[in-house]
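Engineer: Read off the chains here:
Number of protein chains: 2
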Amino acid sequence: MPSEFELIQDYFNWQQASHSVPIGVGDDAAVLNLPKSQKQQLVVSVDTFIEGVHFPENTPADAIGHKALAVNLSDLAAMGAEPAWFTLALTLPEANPTWLHHFSKGLKKLADQHKITLIGGDTTRGTLSITIQVMGFIDTGKALLRCNAKPKDKIYVSGTLGDAAIGLALLQERLESPHISPQANQFCQDALNYPQPQNLLSKIIKPYTNACLDISDGLLQDLGHILKASTVGARLELDKIPLSDSALENGRKKALPYALTGGDDYQLLFTIAEKNEPLLLYAVAKTNDKISCIGEINSQTGNVTDDFGNLISTKGYQHF
Amino acid sequence: MPSEFELIQDYFNWQQASHSVPIGVGDDAAVLNLPKSQKQQLVVSVDTFIEGVHFPENTPADAIGHKALAVNLSDLAAMGAEPAWFTLALTLPEANPTWLHHFSKGLKKLADQHKITLIGGDTTRGTLSITIQVMGFIDTGKALLRCNAKPKDKIYVSGTLGDAAIGLALLQERLESPHISPQANQFCQDALNYPQPQNLLSKIIKPYTNACLDISDGLLQDLGHILKASTVGARLELDKIPLSDSALENGRKKALPYALTGGDDYQLLFTIAEKNEPLLLYAVAKTNDKISCIGEINSQTGNVTDDFGNLISTKGYQHF
Chain A
1 MPSEFELIQD YFNWQQASHS VPIGVGDDAA VLNLPKSQKQ QLVVSVDTFI
51 EGVHFPENTP ADAIGHKALA VNLSDLAAMG AEPAWFTLAL TLPEANPTWL
101 HHFSKGLKKL ADQHKITLIG GDTTRGTLSI TIQVMGFIDT GKALLRCNAK
151 PKDKIYVSGT LGDAAIGLAL LQERLESPHI SPQANQFCQD ALNYPQPQNL
201 LSKIIKPYTN ACLDISDGLL QDLGHILKAS TVGARLELDK IPLSDSALEN
251 GRKKALPYAL TGGDDYQLLF TIAEKNEPLL LYAVAKTNDK ISCIGEINSQ
301 TGNVTDDFGN LISTKGYQHF
Chain B
1 MPSEFELIQD YFNWQQASHS VPIGVGDDAA VLNLPKSQKQ QLVVSVDTFI
51 EGVHFPENTP ADAIGHKALA VNLSDLAAMG AEPAWFTLAL TLPEANPTWL
101 HHFSKGLKKL ADQHKITLIG GDTTRGTLSI TIQVMGFIDT GKALLRCNAK
151 PKDKIYVSGT LGDAAIGLAL LQERLESPHI SPQANQFCQD ALNYPQPQNL
201 LSKIIKPYTN ACLDISDGLL QDLGHILKAS TVGARLELDK IPLSDSALEN
251 GRKKALPYAL TGGDDYQLLF TIAEKNEPLL LYAVAKTNDK ISCIGEINSQ
301 TGNVTDDFGN LISTKGYQHF
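Residue numbers (the numbering used here), protein chains in the order written: chain A, 1 to 320; chain B, 1 to 320.
Just so you know, these hints were derived from the structure itself, not from any lab. Bear in mind the structure is a predicted one, so any value in this text is a computation, not a measurement. Incorrect hints may have been included.
Cut-off 20 Å, straight-line C-alpha distance, at most; resulting in silico cross-link-like pairs (DMTMM-like, lysine to aspartate or glutamate) [unchecked claim]:
{"no.": "1", "chain 1": "B", "residue 1": "Lys108", "chain 2": "A", "residue 2": "Asp10"}
{"no.": "2", "chain 1": "A", "residue 1": "Lys109", "chain 2": "B", "residue 2": "Asp10"}
{"no.": "3", "chain 1": "A", "residue 1": "Lys36", "chain 2": "B", "residue 2": "Glu82"}
{"no.": "4", "chain 1": "A", "residue 1": "Lys36", "chain 2": "B", "residue 2": "Asp139"}
{"no.": "5", "chain 1": "B", "residue 1": "Lys36", "chain 2": "A", "residue 2": "Glu82"}
Please build the complete structure, drawing on both the sequences and the hints.
Structural biologist: Spelled out as C-alpha cells, the structure:
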C-alpha cells in the first residue's frame, strides 16, 4: 500500500513526449540519451535530506555531509554508472562556521574518494535541508535496472545488513534489553552515519548482473521492487542473510528483523544467472568486498517465501 | 559587500581537480564536458525556492510551479543553452491534492512550452521548499558568459524592468501613494508571479552577443556581475531603461528605482560589439520580442556612471 506521499508522484507522471529519456521515474536514477553522442548515456538522481526525517537530530555535521552524498552515490552504484558531477542545494537556518566547516569536510572527503566534482549549488535560509543531484555516465544500454531479474537467478547482497537500523534503535533506546559492547555500538552508529556507497563493487559485478538496486528501505521492501519490476518471485534463505559480528552480539534472532526491514543499508541487492556465478565470485574474491548469496528468483510473481516455503511480507521500512 | 550567506560558498570552493568542468561556480550555470562527445557541452543550474524568501506567502500554487521552473530556465537562457531535462525535489508540509494539482499544472504548462522534460525527483515532508535542477546543451565553446564584455560594447536589455518589484511593493502595500489602475496592478502581479524566461530570445541574440546574464537581483547588481567578471565599467543612459505602461502609471521617477534595483525581472542583460548591432536589430525585429540599448561598456573597471558621469552604486536587491 503506497503512502500518502508516494501518491504525490502521480501528479508529476506527465508522460511528456521525449525520445531522450529511455529510463525515467521508477528506477534508482533516470537514464538519458545525449543528443549528439550514441556511445554514452547520462544517469541522474536527486535526493533530499531533512533533519528528523532522513537523519536524527544532533547528527554530526560531517556525517550529514557524508551521508547526503553517499545516498546519491549509492543510486549511481545501483545503476552501474560512473560518478561524474553533483550539485548541492543547501538550506540552513543560520550560517554557522563550525557546522559548515565540518559539513563541507564530510562531503568533500567522500567526493574525493569517488572522484565526483561539485559543479554548482544554491544556498538559502530556512529549515535545514540538503538536496543533492548526482550525474554519472554509463555505456549506452548498459544500465543495471530493476526489471531484468529472471527465474533461477541467484540473489546476492553486498556487505552486512541491519547495522544502521540497529544503530538508530540504540540511539533512540528502542532496542529491547541490548547486550552490546561499546565497540559494537560504535560500529552500528558509524553504519548509520557514514554509509559507504558500493560504487567500486558495482563496477566489478556489472558484467555478470541481471537486476540491481541499492537497499535503502530494507531488504524485503527493496527486493519487492525488483520482483514487481521483473514480474518474478523469490525464495530467501534467512540463515544466509549476512549479519555483522556487532549485530550478532545481541543474538541472531533479535538482529534478523533489522536486516530484513531496517533501512539505510546502502548495500547492493542484485541477481545473476547461475552460469555467471563462478565468474562473479572470482572477480569479487580479488577485492576486499564481501557478497553473500541469500536466495533464488522464481516465477511466483511478487511472492517472497522463506526456506520452508512460508510467505514473507515485503513491507519494509518507510521514511514516513 | 557580500552577505553572510554569500560567504557560505567559500566553504565549497574546493578547487577539485577536473578537466571536465570548464565553467564551474560563478556564472549562471555550470558548463560540463561530456566524456565521449566533443560536439556539445552539458549546462547545469540549480535553484531552491522557499516560501517567504523567493515568493510571498499566499502565492497561487500554479504560480509557484511556474516560477520555480522559470527561474531555472532563465539561467539556461542566460548561458544560451537549449533546455533538455529537469529534476524536481519537492518538500511539502502535507499532501494537499488541490495545491498539488495547481502546482503541477503551472509547472507542466511552462515545461511543455519550452520542451523541457521532467526526468526525476524526490518528495519529502517538511517546510515548503522546491529545488529544481535544469540541464541543457550548447555547442562546445559557445556558452554566453559574464566575462566577455568589451569596452565600447553596447549594453542591451530585453522586455521591461521593475514590473515584478512594483507588483511585490503593491502586494505588500509598500508603494508610496500609488496611482495605478486595476489593470496595471494585475500586469505587475503577473510579472511577479509568472515571469517569462527569455529562452527563445536567447537563441536569436546568441550569435551577436559578447557577455550575457539574466537579471534576477536587479539591473544594477547584475550589471555589476558582468563588469566584475569582464573587468570593465559601464555608462548607463537612465532615460533609455525600458519601463512598461503599467509601471509608468505611477510616474517615471517613482518607477525607475524599481527598474534599477528591484529583483525578479528574469530579462536578459547582454553586451554586443557595435558592428553587430544592425544584425542583432534585424534578427530581433522578426520576433515579437523587445530589446533596448541602455548604455555602453567602458574601461573604467567596476564603475557605473549615469548620462552625466555621476557614479551609481551597483548594490541591488538581496533575497536576504
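Engineer: Identify every previously stated hint that the structure contradicts and give their numbers, smallest first.
Structural biologist: Violated hints: none; all satisfied.
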